[in-house]
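Please work from the sequences and hints to get the whole structure.
Chains as they are written, first to last, in the working numbering: chain B, 1 to 352; chain D, 1 to 370; chain A, 1 to 357.
Just so you know, these hints were derived from the structure itself, not from any lab. Predicted model, so just to flag it, every value in this text is computed and none were measured. Be aware that one or more of the hints could be misleading.
To be verified - Simulated pairs of lysine to aspartate or glutamate, EDC-like, Cα-Cα distance not exceeding 16 angstroms:
| id | chain 1 | residue 1 | chain 2 | residue 2 |
| --- | --- | --- | --- | --- |
| 1 | B | 63 | D | 276 |
| 2 | D | 297 | B | 341 |
| 3 | D | 255 | D | 226 |
| 4 | D | 173 | D | 348 |
| 5 | D | 173 | D | 214 |
| 6 | A | 167 | D | 143 |
Claimed, not checked - Restraint ranges, calculated between C-beta atoms of paired labels, are given here:
| id | chain 1 | residue 1 | chain 2 | residue 2 | range |
| --- | --- | --- | --- | --- | --- |
| 7 | B | 328 | A | 39 | 32 to 38 angstroms |
| 8 | A | 158 | B | 268 | 50 to 56 angstroms |
| 9 | B | 60 | D | 148 | 58 to 64 angstroms |
Built from N, CA and C at the ideal position, the CB exists for glycine as well.
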Amino acid sequence: MSAQEISSTDIEAVLATGSRPTLMTAVKRLLTAREFPVTAALVALVLFTYANNQLFLSRQGVKDLLLNATIVILLAVGQSIVIISRNVDLSIGSILGLTAFATGTLFVNNPDIPIWAVFVIVSLFGALLGALNGLLVTVARVPALVITLGTLYVFRGFNNLWAGPTQYFADDRPDAFGDLSVDTVFGLPIITLGALLVVVIVAGFMGRTRRGRDLYAIGSDPTAALLFGVPVGRRVFLAFAVNGLLAGLAGVLYASRFNSVGATTGNGIELDVVAAAVVGGVAIFGGSGTVVGAAIGAMLLTTITSSLTTLRVDKFWQQAIVGVLILAAIAADRIVKLRAERRLQTSEAHHG
Amino acid sequence: MKSSTRAGEANHWRRLTSLIGLLAVLALVAAACGSDSTTAEPASDGSAEDGAGSGDSDGTSDVNDLSITYIPKQLNNPYTNVVLGGGEGGAAEAGFEGIAVVGPLDASASSQVSFINAETQAGTDVIVIAANDPDAVGPALQEARDGGAKIVAFDSDTNPDFRDVFISQVVAKDVALIQVELIAEQIGGAGQIAILSATANATNQNEWIKFIEEELASNPDYADIELVATVYGDDDDTKSFQEAQGLLQAYPDLKGIISPTTVGIAATGRYLSTSEYKGQVALTGLGLPNEMRPFVKDGTVTAFALWDPAQLGYVAAYAGRALAAGEISGAEGDTFTAGELGERTVGEGGIVIVGPPTVFNAGNIDNYDF
Amino acid sequence: MAETIGRSGQKADWVRLALSRDAIMIYAVVVAVLFASLRLERFASTLTVGFLLLDLIPVLLIAMPMTLIIITGEIDLSVASIAGLSSAMMGTLWEDGFPIWLVIVVCLAIGLIAGAVNGILIAGLGLQSLAVTIGTLALYRGLALVVIGDNAVASFPAGLTSFTTSKLGNTGIPTVMIGVMVIVIMFAVVLHLTPFGRGLYAIGSAAEAASFVGIDVARVKIKLYVWCGGISALTGIYWTLRFSSARSDNASGLELTVIAAVLLGGVSIFGGKGSITGVVAAVGLIGTITYSLRLERVSDVVLIIVTGTLLIVSVVAPRIFEVISGARHRRKLSTQLAVDRSAITTHTRSTAHRKEE
Numbered sequence: 001m002s003a004q005e006i007s008s009t010d011i012e013a014v015l016a017t018g019s020r021p022t023l024m025t026a027v028k029r030l031l032t033a034r035e036f037p038v039t040a041a042l043v044a045l046v047l048f049t050y051a052n053n054q055l056f057l058s059r060q061g062v063k064d065l066l067l068n069a070t071i072v073i074l075l076a077v078g079q080s081i082v083i084i085s086r087n088v089d090l091s092i093g094s095i096l097g098l099t100a101f102a103t104g105t106l107f108v109n110n111p112d113i114p115i116w117a118v119f120v121i122v123s124l125f126g127a128l129l130g131a132l133n134g135l136l137v138t139v140a141r142v143p144a145l146v147i148t149l150g151t152l153y154v155f156r157g158f159n160n161l162w163a164g165p166t167q168y169f170a171d172d173r174p175d176a177f178g179d180l181s182v183d184t185v186f187g188l189p190i191i192t193l194g195a196l197l198v199v200v201i202v203a204g205f206m207g208r209t210r211r212g213r214d215l216y217a218i219g220s221d222p223t224a225a226l227l228f229g230v231p232v233g234r235r236v237f238l239a240f241a242v243n244g245l246l247a248g249l250a251g252v253l254y255a256s257r258f259n260s261v262g263a264t265t266g267n268g269i270e271l272d273v274v275a276a277a278v279v280g281g282v283a284i285f286g287g288s289g290t291v292v293g294a295a296i297g298a299m300l301l302t303t304i305t306s307s308l309t310t311l312r313v314d315k316f317w318q319q320a321i322v323g324v325l326i327l328a329a330i331a332a333d334r335i336v337k338l339r340a341e342r343r344l345q346t347s348e349a350h351h352g
Numbered sequence: 001m002k003s004s005t006r007a008g009e010a011n012h013w014r015r016l017t018s019l020i021g022l023l024a025v026l027a028l029v030a031a032a033c034g035s036d037s038t039t040a041e042p043a044s045d046g047s048a049e050d051g052a053g054s055g056d057s058d059g060t061s062d063v064n065d066l067s068i069t070y071i072p073k074q075l076n077n078p079y080t081n082v083v084l085g086g087g088e089g090g091a092a093e094a095g096f097e098g099i100a101v102v103g104p105l106d107a108s109a110s111s112q113v114s115f116i117n118a119e120t121q122a123g124t125d126v127i128v129i130a131a132n133d134p135d136a137v138g139p140a141l142q143e144a145r146d147g148g149a150k151i152v153a154f155d156s157d158t159n160p161d162f163r164d165v166f167i168s169q170v171v172a173k174d175v176a177l178i179q180v181e182l183i184a185e186q187i188g189g190a191g192q193i194a195i196l197s198a199t200a201n202a203t204n205q206n207e208w209i210k211f212i213e214e215e216l217a218s219n220p221d222y223a224d225i226e227l228v229a230t231v232y233g234d235d236d237d238t239k240s241f242q243e244a245q246g247l248l249q250a251y252p253d254l255k256g257i258i259s260p261t262t263v264g265i266a267a268t269g270r271y272l273s274t275s276e277y278k279g280q281v282a283l284t285g286l287g288l289p290n291e292m293r294p295f296v297k298d299g300t301v302t303a304f305a306l307w308d309p310a311q312l313g314y315v316a317a318y319a320g321r322a323l324a325a326g327e328i329s330g331a332e333g334d335t336f337t338a339g340e341l342g343e344r345t346v347g348e349g350g351i352v353i354v355g356p357p358t359v360f361n362a363g364n365i366d367n368y369d370f
Numbered sequence: 001m002a003e004t005i006g007r008s009g010q011k012a013d014w015v016r017l018a019l020s021r022d023a024i025m026i027y028a029v030v031v032a033v034l035f036a037s038l039r040l041e042r043f044a045s046t047l048t049v050g051f052l053l054l055d056l057i058p059v060l061l062i063a064m065p066m067t068l069i070i071i072t073g074e075i076d077l078s079v080a081s082i083a084g085l086s087s088a089m090m091g092t093l094w095e096d097g098f099p100i101w102l103v104i105v106v107c108l109a110i111g112l113i114a115g116a117v118n119g120i121l122i123a124g125l126g127l128q129s130l131a132v133t134i135g136t137l138a139l140y141r142g143l144a145l146v147v148i149g150d151n152a153v154a155s156f157p158a159g160l161t162s163f164t165t166s167k168l169g170n171t172g173i174p175t176v177m178i179g180v181m182v183i184v185i186m187f188a189v190v191l192h193l194t195p196f197g198r199g200l201y202a203i204g205s206a207a208e209a210a211s212f213v214g215i216d217v218a219r220v221k222i223k224l225y226v227w228c229g230g231i232s233a234l235t236g237i238y239w240t241l242r243f244s245s246a247r248s249d250n251a252s253g254l255e256l257t258v259i260a261a262v263l264l265g266g267v268s269i270f271g272g273k274g275s276i277t278g279v280v281a282a283v284g285l286i287g288t289i290t291y292s293l294r295l296e297r298v299s300d301v302v303l304i305i306v307t308g309t310l311l312i313v314s315v316v317a318p319r320i321f322e323v324i325s326g327a328r329h330r331r332k333l334s335t336q337l338a339v340d341r342s343a344i345t346t347h348t349r350s351t352a353h354r355k356e357e
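Here it is, written out as structure tokens:
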């Protein structure tokens, strides 16, 4: 993409949100600020746990923390693209289940299939499922929550129909494939590095390309976006397809890391993923938040479970604590947002 | 705008009228049904048509046309599938005409009730159930019994008031003892151990855990073994992984983990085999040989236990047959023949024991395929 | 009635009524019941009536306040967790020897408080309801675990548990259905016949406009969440007594079933649209299909695919219909300057989105 193109998209994005360049910098500052509470919470949690138990940040401990977060990070990044466009995808747990089972099936039926081919085929399968959501949402112009609640059931149904009682185990897949989620580079798991790469790419896409900014514009004000000539339907469709693609990728990694894939894989994960995005500062009604924030939110939520167990917190209290933390994160985000708005108003007053 | 509010008001009235209309229709339908005054009918010929492969009657039975329905904890679960495989085979051999398997896709306490209700209405002669909750299924089972059905519990018992017999894999205490024995052997008789269970509410899990705790406390051989924690992996790979990691970090001196659930032990096996704890921390419990084979081969797990799940379903079919034919009543001391497995006796509390648990290790695991 | 509707009612009013979303849902229920009665050997019996109604009471109960909440443009995902919490409290208190009436009162109070917490966080602090109730979904279920742990309490008074499943004479209709119908009718009256109810539609269509005309939006919303908490707790009590088992995981996952039923019943997820009739019909439809499939021993796999497809079709089909009739309508519009009412609602709906932020 040429520099000229970028600047022209900049202008259009500004136009689309109906604000001025000075405002853009303020908005950027606000976006970084939105990630602050969740990052602070994550750091505090890790440090506190580490202070109580040094093993938490041992070589194995760090590896576990990162591996636990990897799959949820991918899902949360995909979900946040959709949420930013003022939609939501509740069907990702079912997509994860279908794609993870597809991975198992591919390896069992084609023992010699190259691993990269599995990644490509299954990710595309995920994208196809996501695209189906996108198609229903955009062509029929029907609320995403309703559609994806429907496909949550339908996809899960087909997963059950397809898998039946069959489960594929780690043993059914090549060792090299399983090792992907075990091996590390400089102490960092390979698949986590891969997920980070995805985060960087998607963050670049959302922040620096026209399509990405269109999604923010659509999320802030769909009607205005339409008036400014943003192809709303095509962009939203793209968001769902990319989300499906990432869920498919997560499905492959799930099959690599965990022992079994079957009819119930990924059941009920959708609300955790939405929670991760929200905790990461992605506004549930679209238009603001970043995929980096969502990724950190995912990291925070998966780390909480680990650290509560490590801290020997009574098992019956764990879920309640997770609930309180989600609420605290939303409240903190709200406070930051309110303060930023006030700052924005004063700066606007100065400039105006 | 004014007219639209008025229209809105009319709209609401209309909606209310249609609600009343709907209620009237439902009441009519209910009344129409009421006049039939149908109660649980005995087995009809129709029940054979939905049997999943009705077996050929061996001709020796004096009661023909019996139907049996299995209600497992959850469908599409590998362990359950082995149990049901044995059950369907056994039911066909025992001469049942209608054989069906129904059940929920999630193992929640209440989800089995409407399946029981439907079977009550179908007039099924024998209902074989693995209860997700011993009491939640009670009233529904009682209704089924009032309609003439015989209730056989298997795998996970219901409250004894609501069933005729319980087909138990093994004596609950034996399951606990063998796991303690295995872990004690593997950690050299001393050190910290932990339990990774399924869900906090699982009846059979909690019973075994209770016996494990008692045994550790009372048997002087295990005086040096300390049970430090019980955690719940919810029979979910992801959760089990995290709980296992948490245990190993929270208790750096942990020597071994007992996981009395097939999902938990396999998930923990996968985690240990891919971490630096492999070979350092012992793992045992109840697992399916097919699922555990790689972990036994790579040295993560030395030995674990299980009964033959297929026999559970198999014996349940014959017990149901004997009950329905009036040969036994489920009282202590009743005996019946369970096909090729020979004679079984109903023990105290209406419990039928299938057989001793098998210990699987590198030497014998390849002889089993389930 | 036709006169009040005025000029838009040119196309005979009864046609509109007969083709309304509610009416279609009612046809669907009637057709489903008739079909099942005629084609399924065992469906038409008092046993069916009893089992089917007992099964759908939890969904029906929670669907009532959920309908009102969704009409105001909000959502509550924590309902099943509140039911679970109330069930857990019930078990623990009863085991501790408190009299049953006190136990029930306390459980209801806890539900009201839980609902109030939701309401205050959402309407008081202005947090997004979807996000807040995901949080309280985890919190309340977590508290249920704290309260009862891995226990399951089953020793409730036999009189009470058998009353819960008892039937009215030989009709097969559960006795508790009377109470449930009273609640349903109360919600229907509140939503459709009171200024408060009309206010809910106003809030859902345009919250700012609603507050300009003097509706205290925050107070109304808090009230709805409190009701919702109370009804959820009541459902928890029903659940506990019906299955005579108090556990921390009771009713888990019920929230999505309820929401699916409410949306299938024609309530718009964006708020401002929907009726109790549609929702009651949707609950009945899902219940009838579920029970028919059970009777025929068809796997639940089919059931979830059917449920999902129904939900999608229920929102996509009217949209397609709208597009087709919209094209026809535009042609008419050139000759007649009347503004279609549905266009107004669509317009207000889209304005509502913009205002939401």
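Hints versus structure:
Proposed proximity of residue 63 of chain B and residue 276 of chain D is supported: the alpha carbons are some 11 angstroms apart, at most 16 angstroms. For the given pair, residue 297 of chain D sits about 61 angstroms from residue 341 of chain B by alpha-carbon distance, which is inconsistent with the 16 angstroms threshold. Annotation: proposed proximity of residue 255 of chain D to residue 226 of chain D holds, straight-line Cα distance about 10 angstroms (limit 16 angstroms). Of the pairs offered as hints, the one joining residue 173 of chain D and residue 348 of chain D holds, with about 14 angstroms between alpha carbons and a cut-off of 16 angstroms not exceeded.
A C-alpha spacing of about 10 angstroms is found between residue 173 of chain D and residue 214 of chain D, which places the hinted pair at or below 16 angstroms, so the restraint holds. Distance restraint check for residue 167 of chain A and residue 143 of chain D: the Cα-Cα separation of roughly 13 angstroms lies within the 16 angstroms cut-off, and the hinted pair is therefore satisfied. For the pair residue 328 of chain B and residue 39 of chain A, the supplied restraint of 32 to 38 angstroms is violated, since their beta-carbon distance comes to about 54 angstroms. The beta-carbon spacing between residue 158 of chain A and residue 268 of chain B, approximately 35 angstroms, falls outside the hinted interval of 50 to 56 angstroms.
Remark: the range hint 58 to 64 angstroms for residue 60 of chain B to residue 148 of chain D is upheld by a beta-carbon distance near 59 angstroms.
Hint compliance for this structure: hints 2, 7 and 8 are broken, all remaining hints hold.
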